[in-house]
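Novice: Sequence:
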Amino acid sequence: MKIVDLLTDRGIHLSCEVFPPKEFARVEEAREVVRGIAALAPAYVSVTYGAAGKTPQFTRELSQTVQASGVPALAHLTCINDNVSKIGQVLNDLETVGVTNVLALRGDIPEGETFPAGDHFEHAAQLVRYVKDRGGFCVGAACYPEGHPEAPSRAADLDYLKAKVDAGVDFLTTQMFFDNATLYNFMFRALRAGVRVPIGAGVMPVVNAKQIKRIAALSGATLPSRFRSIVDRFGEDPASMRQAGVAYATEQIIDLIANGVTNIHLYTMNRVDVAQDVFHNLGAILGR
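Numbers 15 to 302, taken from the working numbering, label the letters of the sequence shown in order.
Honestly, I wouldn't trust all of these hints.
Restraint-style ranges between C-beta atoms, simulated for each label pair [stated by the list, open to error]:
1. Glu-46 x Met-15: 32 to 38 Å
2. Leu-205 x Glu-46: 23 to 29 Å
3. Arg-242 x Glu-109: 42 to 48 Å
4. Glu-265 x Leu-205: 39 to 45 Å
5. Gly-149 x Arg-242: 42 to 48 Å
Derived pair list, reagent style DSSO-like, types lysine-lysine, alpha-carbon separation capped at 27 Å [unchecked claim]:
6. Lys-100 x Lys-36
7. Lys-146 x Lys-224
8. Lys-16 x Lys-176
9. Lys-146 x Lys-100
10. Lys-224 x Lys-36
11. Lys-146 x Lys-16
12. Lys-146 x Lys-176
Calculated directly from the structure, the hints in this document are not laboratory data. Backbone N, C-alpha and C define an ideal beta-carbon position, used for all residues, glycine too.
Modelling step: build the complete structure from the supplied sequences, incorporating the hints.
Specialist: Okay, structure coming up:
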């Protein structure tokens, strides 16, 4: 099933993200995570391009497990490490196992390194165009409510986003955010810029205080004072922080749905128990 068709249907669509292991010895453990998430019947499950894009075969393995669980799989695809020929082979491999939805990303340049020379795409829009011209795939892309950390301005970041949409993106998923007002403002600006594809709102339940600094550094997400107060109060108590983090994410999602945002993507960090709690909290709202 094409994810864009699912996202344009009526109703609320709650999807999840999982990531593959760095080592093959842990692939079965990751498969169990996928099965646990799939058992919640999310709209779809996305699988990241693990180990900095160096193990696409693990992404294929887990995407195949998602599909076998009866849930559409969205395989991440980056161009930072792979040349055009390798990207073509990855797409062929995904198609062979029945995966026809990809999230086209540039990928992060490792600290201290430069963009690889040779036959590489430098921007996600180029990757999107390549996949769309090839055919056979529904293509999603990322967007950044507070602007990509490398973008010179939010206005410039919107220009980059519009370029991806013009290249053929079918739907978008946002980076995580912790203040819904940020998302609403972004969606208004995106619409004004001519972005009219479905947008999924990325929500991450933070259940470990140690995650905060890394999350903020990688995503550029602003941590609102209400969220900081939760971390200050409960950060040293793992059980309380977990409960508070799930509650905060649940409240975010409820507010999003109440304001007409019906496509929501849950960054699970491979925590099946946390995803279970969020789905349970939203049971009646999701019509379950």
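Novice: Now look at each hint and say whether the structure bears it out.
Specialist: Hint by hint, here is what the structure shows:
1. A hinted range of 32 to 38 Å for the beta carbons of Glu-46 and Met-15 is inconsistent with their spacing of about 24 Å.
2. A beta carbon spacing of about 40 Å between Leu-205 and Glu-46 contradicts the range 23 to 29 Å that was offered as a hint.
3. The beta-carbon spacing between Arg-242 and Glu-109, approximately 45 Å, falls within the hinted interval of 42 to 48 Å.
4. The beta-carbon spacing between Glu-265 and Leu-205, approximately 25 Å, falls outside the hinted interval of 39 to 45 Å.
5. A beta carbon spacing of about 47 Å between Gly-149 and Arg-242 agrees with the range 42 to 48 Å that was offered as a hint.
6. Taking the CA atoms of Lys-100 and Lys-36, the gap is near 19 Å; set against the 27 Å cutoff, the hint holds.
7. Between the alpha carbons of Lys-146 and Lys-224 the distance comes to roughly 39 Å, so the proposed pair goes past 27 Å and is violated.
8. With a C-alpha separation of about 22 Å, the suggested pair Lys-16 and Lys-176 falls inside the 27 Å cut-off, and the hint holds.
9. Distance hint between Lys-146 and Lys-100 is fulfilled; the C-alpha atoms sit about 16 Å from each other, no more than 27 Å.
10. Restraint check: the Cα-Cα separation between Lys-224 and Lys-36 comes to about 21 Å, which is no more than 27 Å; the hinted pair holds.
11. Between Lys-146 and Lys-16, the direct Cα distance comes to roughly 13 Å. Compliance with the 27 Å bound is thereby established for this hinted pair.
12. For the given pair, Lys-146 sits about 16 Å from Lys-176 by alpha-carbon distance, which is consistent with the 27 Å threshold.
In this structure, the earlier hints numbered 1, 2, 4 and 7 are contradicted, and the remaining ones agree with it.
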